[in-house]
Every structure is written in structure tokens, then in C-alpha cells.
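Each chain, written out:
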Amino acid sequence: MPRVLINLPERATRGEIIEIKTLIQHPMETGYRLDSNGARIPRDIINRFACTYNGEEVFRVELFPAIAANPFIAFSTIATETGELVFTWTDDDGQTQTESRRITIE
Amino acid sequence: MRRLFGVALALVATIAVAAEIAPEARRSGYGFASAETRVMQDDDTANPGMLWVSQGEGLWTKKAGAAGLSCRDCHGDAQASMSNVAARYPAFDAALGRPIDLEQRINLCRTEHQRAEPLTWESEDLLALTGFVAHQSRGLPIAVDDNPELNDRSTRGALRIRRAGRRRAGALSDGARPWHDDRNPGGAPLIKRGPVLFVRVVVLIGEGRDDGADLGDRVMLDL
Chain A
1 MPRVLINLPE RATRGEIIEI KTLIQHPMET GYRLDSNGAR IPRDIINRFA CTYNGEEVFR
61 VELFPAIAAN PFIAFSTIAT ETGELVFTWT DDDGQTQTES RRITIE
Chain B
1 MRRLFGVALA LVATIAVAAE IAPEARRSGY GFASAETRVM QDDDTANPGM LWVSQGEGLW
61 TKKAGAAGLS CRDCHGDAQA SMSNVAARYP AFDAALGRPI DLEQRINLCR TEHQRAEPLT
121 WESEDLLALT GFVAHQSRGL PIAVDDNPEL NDRSTRGALR IRRAGRRRAG ALSDGARPWH
181 DDRNPGGAPL IKRGPVLFVR VVVLIGEGRD DGADLGDRVM LDL
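For the record, the sequence lines run as chains A and B. In terms of our numbering, the first sequence opens at residue 1 and continues consecutively. In terms of our numbering, the second sequence opens at residue 1 and continues consecutively.
Read the hints as simulated data drawn from the structure, not as lab findings. Computed from a predicted structure; not experimentally measured. Each residue gets a CB set at the ideal place from its N, CA and C atoms; glycine is no exception. Warning: the hint list may mix true and false statements.
With a Cα cut of at most 25 Å, we get these calculated SDA-like pairs of lysine to any residue [to be verified]: (1) Lys21(A) x Met40(B); (2) Lys21(A) x Pro48(B); (3) Lys62(B) x Pro27(A).
Rough simulated footprint, nothing fancy, chain B against chain A, three-plus residues with beta-carbon under 8 Å [to be verified]: (4) 4 to 14; (5) 18 to 26.
Based on the sequences and whatever the hints tell you, model everything.
The following block contains the structure:
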């Protein structure tokens, strides 16, 4: 189970632009490296990250082998209503990691 | 008398003697970091090191070895028991008769108290546990013991050489390992650098003259 760090404000005023920072532990193996025996290390990267806000997608990114290990993704959205932000990372094996955080609008 | 060619080779070996720095004059490596690195370190949710700290937090409570003990079973809450511990390392271990660093201390705990296999150097688990323990000393000044044995140049030098060769991860990831080729783990280092001994070779090549004024090209190599 990869470790995840997410930073977003717990409270915001309606219409405010909030910054969301996410960091996930992942080797992001490019598929171009060789191991000590000269065998190719298979590619294993997170290729997709998405964030939904009360079910509506507000941010999505495709990732490629040039992204460093433990990808840090920061983005912003507009705080519209109290609810839940769901973050989903998908890797080459089709495994997904899902995290959610609540935000309260005052 | 006229010399046609003159080649002079001078070998200057300098042993850099590390002068003690007064405690109040000591500065954290943070002060030397670039602005970007500092910003990353200041924000725990942007600092990838915190991933290992949280992993170490999980390992702290995980039972291991034949004794079936976790770190917490002996040490309790790390926040209280491990505060200031990392600041005291490296420390002199009387039983071993040599200085040990925090990773070695953790592995001694594993073999002696948990009766488990020591963790592999640079392994995720050892880095995570060390990171977690060291995190409890965050912001505290380094308070390494004034033990004369620890400060003995030979034992301190031995520790430094060992650390330099093995460590990579750290606040600035500036161990000696970056000089090794990552794709050739365990292979010969690309650059060998001794920790305290610098050898400067000055090679003077060219046509020598009677007055010795022009010695031609000069090549300097720092080894």
C-alpha cells in the first residue's frame, strides 16, 4: 500500500481558489533501466491521476516515464460547496490508490 | 648549461585537519540548501522524506523477530522516548568498542532485543525507521557526546569512511553513493574520494630554460 500525503484546507469560503498538494510513494520505474544482470527492469509508473469534487472531475493528469519517483502533483480548484474530494492514482498494473478528504464551505 | 626538456613532477599531499567548530558557530545543513530545497523541506506535505517517516511510524509498532517485540514494546511512545536521540548520534558503543551511527543502533536493537535479522543497508525499512526516529529530534541541535574515544581521530575517521561509502539518503542526499553508477549496483565507484586526504599532483611539462622561467603547460589533478 503506497503512502500518500495530501494537503488541502479543511475550511474555505465559497468561491475561494484552494490549492491542493498531493504526494504519493511510487518508484516510477521508466522501463529503460537495466538491472545488475543487464536485464531490463520492467516499466512501472503511475500513468493517471484524477481528482473529483463531489463526483465531478476537477483535475486529471496523464503521467509518462520522465516523471520522477514519488510524484508530487499540486493544482488548484474553486471551493464551491461542502463535500468530498476523491483522489485516484492508477498505475501500469491497473492498481488504483484512492484517498478522500472532506472540505467544509463557510 | 642548457637543458632541452624539463619535466617536473611535484606531489603535494595535504592532510586536511578538521578544526573543531564552536557549538554556537555550528550551522545546520538547511542553511546551505537552495531556496527551492528549503521550501520543499518546510512543507511536510511536499517533502518526500515524510513518506518514509510515516512508513517508519508503522514499523515502530510492528512486532519482529523471535522475541516478538516491536520497537514500541520496549521504547513506548517514540515522541517521548526518541526525542533528542538522533541528535546524540554517532555515539560510542562501549560493548563494541567503536562508534556507531543511528542505523547501526537500530540494527543492534533488532539483533539483540528483537532477535531478528538486521535490516539491509539502504533498505526501505531501515531508511524509514531511521527517518522516523530522527524526525523525533527535529529542530534540536546536534549534541554528540564529548567522549574522548568518540573524538579519537582514528575511530571517528573509520566511522566517517564507512558512512561516506554507504549512505545516500539524508537531508541532502549527499553521501558518497551518488558517485557510484546506479545502474551498476555494487560496482566500482566512478570517483574515489578519500574523506580527509587530498593529493594534489602538479605536472609541469614543457621546454626547460636556463633561467627556469618558462615551464610550459601546467596540469593539476586533485585526486
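*asked:* Which constraints among the numbered hints does this structure fail? Numbers only, ascending.
replied: Every hint satisfied by this model.
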